[in-house]
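When you get a sec, could you build the whole thing from the sequences and use the hints?
No gaps in the numbering here: position 105 of the sequence shown is 105 in full-length UniProt numbering, and each next residue is one more.
Hints listed in this document are in silico derivations from the structure and should not be mistaken for laboratory results. Any given hint could turn out to be false.
[What the hints assert, rightly or not] Here are the in silico distance ranges between beta carbons for each label pair:
no.: 1; residue 1: Thr177; residue 2: His134; range: 34 to 44 angstroms
no.: 2; residue 1: Arg192; residue 2: Gly98; range: 32 to 42 angstroms
no.: 3; residue 1: Gly82; residue 2: Thr177; range: 36 to 46 angstroms
no.: 4; residue 1: Ala181; residue 2: Gly82; range: 34 to 44 angstroms
no.: 5; residue 1: Ser194; residue 2: Ala215; range: 19 to 29 angstroms
no.: 6; residue 1: Gly152; residue 2: His178; range: 16 to 26 angstroms
no.: 7; residue 1: Ser78; residue 2: Leu158; range: 17 to 27 angstroms
no.: 8; residue 1: Asp151; residue 2: Thr124; range: 12 to 22 angstroms
no.: 9; residue 1: Gly98; residue 2: Ala201; range: 24 to 34 angstroms
no.: 10; residue 1: His57; residue 2: Ala215; range: 33 to 43 angstroms
no.: 11; residue 1: Val35; residue 2: Asp162; range: 14 to 24 angstroms
no.: 12; residue 1: Ser139; residue 2: Ala215; range: 18 to 28 angstroms
no.: 13; residue 1: Arg100; residue 2: Ala223; range: 16 to 26 angstroms
[To be verified] Restricting the straight-line Cα-Cα distance to at most 35 angstroms, the calculated cross-link-like pairs of lysine-lysine (DSBU-like) are:
no.: 14; residue 1: Lys140; residue 2: Lys6
no.: 15; residue 1: Lys209; residue 2: Lys140
no.: 16; residue 1: Lys133; residue 2: Lys6
no.: 17; residue 1: Lys6; residue 2: Lys19
no.: 18; residue 1: Lys140; residue 2: Lys76
no.: 19; residue 1: Lys108; residue 2: Lys140
no.: 20; residue 1: Lys209; residue 2: Lys76
no.: 21; residue 1: Lys76; residue 2: Lys19
no.: 22; residue 1: Lys76; residue 2: Lys6
no.: 23; residue 1: Lys19; residue 2: Lys209
no.: 24; residue 1: Lys76; residue 2: Lys133
no.: 25; residue 1: Lys209; residue 2: Lys6
no.: 26; residue 1: Lys133; residue 2: Lys209
no.: 27; residue 1: Lys140; residue 2: Lys19
no.: 28; residue 1: Lys108; residue 2: Lys133
no.: 29; residue 1: Lys108; residue 2: Lys76
no.: 30; residue 1: Lys6; residue 2: Lys108
no.: 31; residue 1: Lys133; residue 2: Lys19
no.: 32; residue 1: Lys108; residue 2: Lys19
Note that the structure is a prediction, hence the values are computed from the model and not measured. Don't be surprised by glycine CBs; every beta carbon is placed ideally from N, CA and C.
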Amino acid sequence: MLQVRKSDERGLANHGWLKSRHTFSFGSYYDEEHVGFGPLLVINEDRVAPGQGFGTHGHRDMEIISYVLDGALEHKDSMGNGSVLHYGDVQRMSAGTGVRHSEFNHSKTEGVHFLQIWIQPGQTGIEPGYEEKHFTPDSKTGQLRLIASSDGRDGSVLIHQDAAIYATILNGADAVTHALAAGRTAYVHVIRGSVTVNGTALAGGDALKLTNESAVTLGQAEAAEVLLFDLPY
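Below you can see the structure in the form of structure tokens.
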């Protein structure tokens with residue numbers, strides 16, 4: 001079964017310094033039809049004005065993944081980590097028993113554009129942790145690149161949930177297929193460009209829920225960058 005989530009149907013928050021699109025219910029935005037998909041709870045597409053950001057705040061028992069699209073995202077946390085992330089960087093923060101952090105646009109002149117993804121962990125009360133990896137465009141072009149997994153395989157960041165996240169860049173004749181094991185489901189989020197997924201045409205910001213499918217096939221793409229989530233029911 002396929003269920004489309006159109007870009008312009010997502011929640012919208014405009015705070016001046018922050019413009020955010022919420023794929024799932026978040027903050028003051030609530031839609032009973034979209035309160036997560038399995039352990040995938042949040043995909044926020046955030047655009048932060050120059051020199052602005054999220055002040056220090058806390059999280060518990062959540063796997064938080066940041067995928068930077070444009071600009072420079074500055075991160076600091078109570079574990080002592082501090083870095084500036086750019087396109088191709090993927091950050092994983094396991095909040096566990098509790099962590100405090102801040103996220104700011106490092107630039108005083110250019111905006112920053114990134115996805116913030118929250119995944120519910122398979123176990124609560126774990127020790128907080130942090131990791132970041134860089135994935136080049138070449139590693140994602142014409143193929144599915146594993147960027148997050150439950151065991152950190154193939155150089156991916158480690159998340160504490162039986163889930164996997166793949167990134168791909170597709171154009172023209174490029175096509176990829178991902179097999180889904182029994183008892184698995186998938187969520188496809190189109191970051192930009194256009195692509196056809198299991199016969200369904202999607203554009204930037206669109207998404208597709210796939211249940212009771214044996215595989216996910218992406219093709220007929222035009223300058224597309226896509227995330228594919230392999231999830232438990």
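Discussion item. Run through the hints listed earlier and report the numbers of any the structure violates, in increasing order.
Written reply: Structure breaks hints 1, 9 and 13.
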